Amino acid sequence: METVETEPGAEALLTVGNLQKSYGDRAVIADLSFTVFRGDSLVLLGPSGCGKTTLLKILQGQIAFDSGRVEFFPQDAPRSLVAQDYGLFPWKTARGNLELPLLLAGVEAGERRKKCARVFSELGLAGLEGRHPGELSGGERQRLALGRSLIMEPSILFLDEPFSAADPVTREGLEDLLLSLRRKLNLTLVFCTHSLEEAALFGERILVLWGRPARLVRSVEFPAAGRREAGTSPEFLRRVFSLRKDLEDLAREYGAVRA
Amino acid sequence: MLKRQVSALVPILLFLLLWDVLARRLGPGLLPRPQAVFGDFCRRLGDPVFLGHCGWSFFRSGAGILLGTAAAYPLGVLLGAVPWLGRSLSPLISLSYPVPKILFLPALLVILGLGEAPKVMLVALTVGYLALVTVKDRAASLDRGYLESFHSVYPGGGGPGKTLRKAFLLARHVHVPYTLPAVWSSLRLSSGTAVAVLFMAESFATQEGLGFVIMDAWGLMDLPRMFSGIAFMGLLGGLYFALAGILERLFCRWTRI
Numbered sequence: 001m002e003t004v005e006t007e008p009g010a011e012a013l014l015t016v017g018n019l020q021k022s023y024g025d026r027a028v029i030a031d032l033s034f035t036v037f038r039g040d041s042l043v044l045l046g047p048s049g050c051g052k053t054t055l056l057k058i059l060q061g062q063i064a065f066d067s068g069r070v071e072f073f074p075q076d077a078p079r080s081l082v083a084q085d086y087g088l089f090p091w092k093t094a095r096g097n098l099e100l101p102l103l104l105a106g107v108e109a110g111e112r113r114k115k116c117a118r119v120f121s122e123l124g125l126a127g128l129e130g131r132h133p134g135e136l137s138g139g140e141r142q143r144l145a146l147g148r149s150l151i152m153e154p155s156i157l158f159l160d161e162p163f164s165a166a167d168p169v170t171r172e173g174l175e176d177l178l179l180s181l182r183r184k185l186n187l188t189l190v191f192c193t194h195s196l197e198e199a200a201l202f203g204e205r206i207l208v209l210w211g212r213p214a215r216l217v218r219s220v221e222f223p224a225a226g227r228r229e230a231g232t233s234p235e236f237l238r239r240v241f242s243l244r245k246d247l248e249d250l251a252r253e254y255g256a257v258r259a
Numbered sequence: 001m002l003k004r005q006v007s008a009l010v011p012i013l014l015f016l017l018l019w020d021v022l023a024r025r026l027g028p029g030l031l032p033r034p035q036a037v038f039g040d041f042c043r044r045l046g047d048p049v050f051l052g053h054c055g056w057s058f059f060r061s062g063a064g065i066l067l068g069t070a071a072a073y074p075l076g077v078l079l080g081a082v083p084w085l086g087r088s089l090s091p092l093i094s095l096s097y098p099v100p101k102i103l104f105l106p107a108l109l110v111i112l113g114l115g116e117a118p119k120v121m122l123v124a125l126t127v128g129y130l131a132l133v134t135v136k137d138r139a140a141s142l143d144r145g146y147l148e149s150f151h152s153v154y155p156g157g158g159g160p161g162k163t164l165r166k167a168f169l170l171a172r173h174v175h176v177p178y179t180l181p182a183v184w185s186s187l188r189l190s191s192g193t194a195v196a197v198l199f200m201a202e203s204f205a206t207q208e209g210l211g212f213v214i215m216d217a218w219g220l221m222d223l224p225r226m227f228s229g230i231a232f233m234g235l236l237g238g239l240y241f242a243l244a245g246i247l248e249r250l251f252c253r254w255t256r257i
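These protein sequences, in sequence, are chains A and B.
In terms of this note's numbering, the first sequence opens at residue 1 and continues consecutively.
In terms of this note's numbering, the second sequence opens at residue 1 and continues consecutively.
Bound conformation, chain A alone:
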């Protein structure tokens, strides 16, 4: 197991220690430890079926874990999840979906209206408030899902392969949007992906998960990540190449992960 050393002066938002999770007698996560610091853009990279979604559900408090610890600082730190399948409710309009977290938190109507208008405008969705998700394009749906996760101003945003269903052009637009929102709102991201390009684009710190049960087998740092312009630079391509080589080595060392 590899652990991440606490950076001096960095403010920890989340600490995961010796986390274990099984479904019956099938171990999914084994002895996983890492820390997320404020402002981090942490990527959890691993092949499909290696337990990334399970890990995010544990961190979101949606499912229980067997042993270990998951600590947020503060304990009630607001956090949100952007799911692979958008997680939008087809019976609610775009506005209804966007304001749901505010409604559930008891935010009063005037404040809800104001916040929704701001997010609609920031995400380029103004004018689509009354449409249902079924009337929106894939890109618009994903932007809406992103907006719904951001509207509560979370201190930490979990993303579970959020752009995997998008076509390459839409995907690039969504990635750019997330990069700019991250800079603007100083977001802390925990981004799960199996895409090397996405990991290299977002991962200032990349934790590679491998095997069944999932273990943390590599920790790679790319402080220059997080800028689209870096995406075409030789440095970016070197990063992708180096990650690919790492994964090939892992496949040889531990065997391929089957979903």
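Be aware that one or more of the hints could be misleading.
Unchecked claim - Simulated restraints, written as ranges between beta carbons of each label pair:
| id | chain 1 | residue 1 | chain 2 | residue 2 | range |
| --- | --- | --- | --- | --- | --- |
| 1 | A | Glu108 | B | Ser88 | 39 to 47 Å |
| 2 | A | Gly134 | B | Gly245 | 14 to 22 Å |
| 3 | B | Ser90 | A | Pro90 | 23 to 31 Å |
| 4 | B | Pro74 | A | Gly134 | 22 to 30 Å |
To be verified - Pairs of lysine-lysine residues, derived as BS3-like cross-links and limited to a Cα-Cα distance of at most 27 Å, are as follows:
| id | chain 1 | residue 1 | chain 2 | residue 2 |
| --- | --- | --- | --- | --- |
| 5 | A | Lys115 | A | Lys92 |
| 6 | A | Lys92 | B | Lys166 |
| 7 | A | Lys184 | A | Lys115 |
| 8 | B | Lys166 | A | Lys114 |
| 9 | B | Lys166 | A | Lys115 |
Hints in this document: simulated from the structure, not taken from any laboratory.
Predicted, not measured: the structure shown is a model, and the values here were computed from it.
All C-beta atoms in this analysis are idealised placements derived from N, C-alpha and C, irrespective of residue type, glycine included.
Given chain A, work out where chain B should sit, using these hints.
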């Protein structure tokens, strides 16, 4: 648009033509001609006594539908959303669902007396049972993704701990809107049966309602009045069928996207 209207009109005209041919062969003593029934039907529209009978039938069927749906809907959602509860009551529902509810009419007359209650209750049982089964199945088919999505946006991240407030909000924002289309479907399916059991219920121990009119006219061999009564009862069923469609368009627009 015009083509669609014309193509919808053709089968109706063919049916009327067939009816007329048959009526001419059988004679007015057995089957009145459509124009005679139509004339009687139009006269009945201005007959306050006849309209009073329509009012009674409308009241009984409407009250039965409302009562049956109001009782069945929350129970259906609960049985579908709480798996162990659904599993434990499923055998009872499966066994009792196929029993024709009209069989309970004598029992209801004995228990509830000869007033309105047994007639309303019979319609409520007929409509409610179908609504219960339809809503329960719909609620049980809810994609887990919607629940996870709700938990992910619930303040504090949600989690397995279920408070009463959270359960209420989950029902309001997820279970109710998801299951509502099933109510309109079941109303559409049960509208004809509801009117049929009402006819049976109004054939006994009452002198008000279209069921009474039909049976009374049959006894007197007043065939145009009998057919007018049948037509009005048919319209009543059609009204509930159309109402279900209107309510669906109004409250569940998303199902048509």
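Now the hints, each set against the structure:
{"no.": "1", "hint": "Glu108(A) to Ser88(B): 39 to 47 Å", "verdict": "holds (42 Å)"}
{"no.": "2", "hint": "Gly134(A) to Gly245(B): 14 to 22 Å", "verdict": "holds (19 Å)"}
{"no.": "3", "hint": "Ser90(B) to Pro90(A): 23 to 31 Å", "verdict": "holds (28 Å)"}
{"no.": "4", "hint": "Pro74(B) to Gly134(A): 22 to 30 Å", "verdict": "holds (27 Å)"}
{"no.": "5", "hint": "Lys115(A) to Lys92(A)", "verdict": "holds (18 Å)"}
{"no.": "6", "hint": "Lys92(A) to Lys166(B)", "verdict": "holds (18 Å)"}
{"no.": "7", "hint": "Lys184(A) to Lys115(A)", "verdict": "holds (16 Å)"}
{"no.": "8", "hint": "Lys166(B) to Lys114(A)", "verdict": "holds (25 Å)"}
{"no.": "9", "hint": "Lys166(B) to Lys115(A)", "verdict": "holds (23 Å)"}
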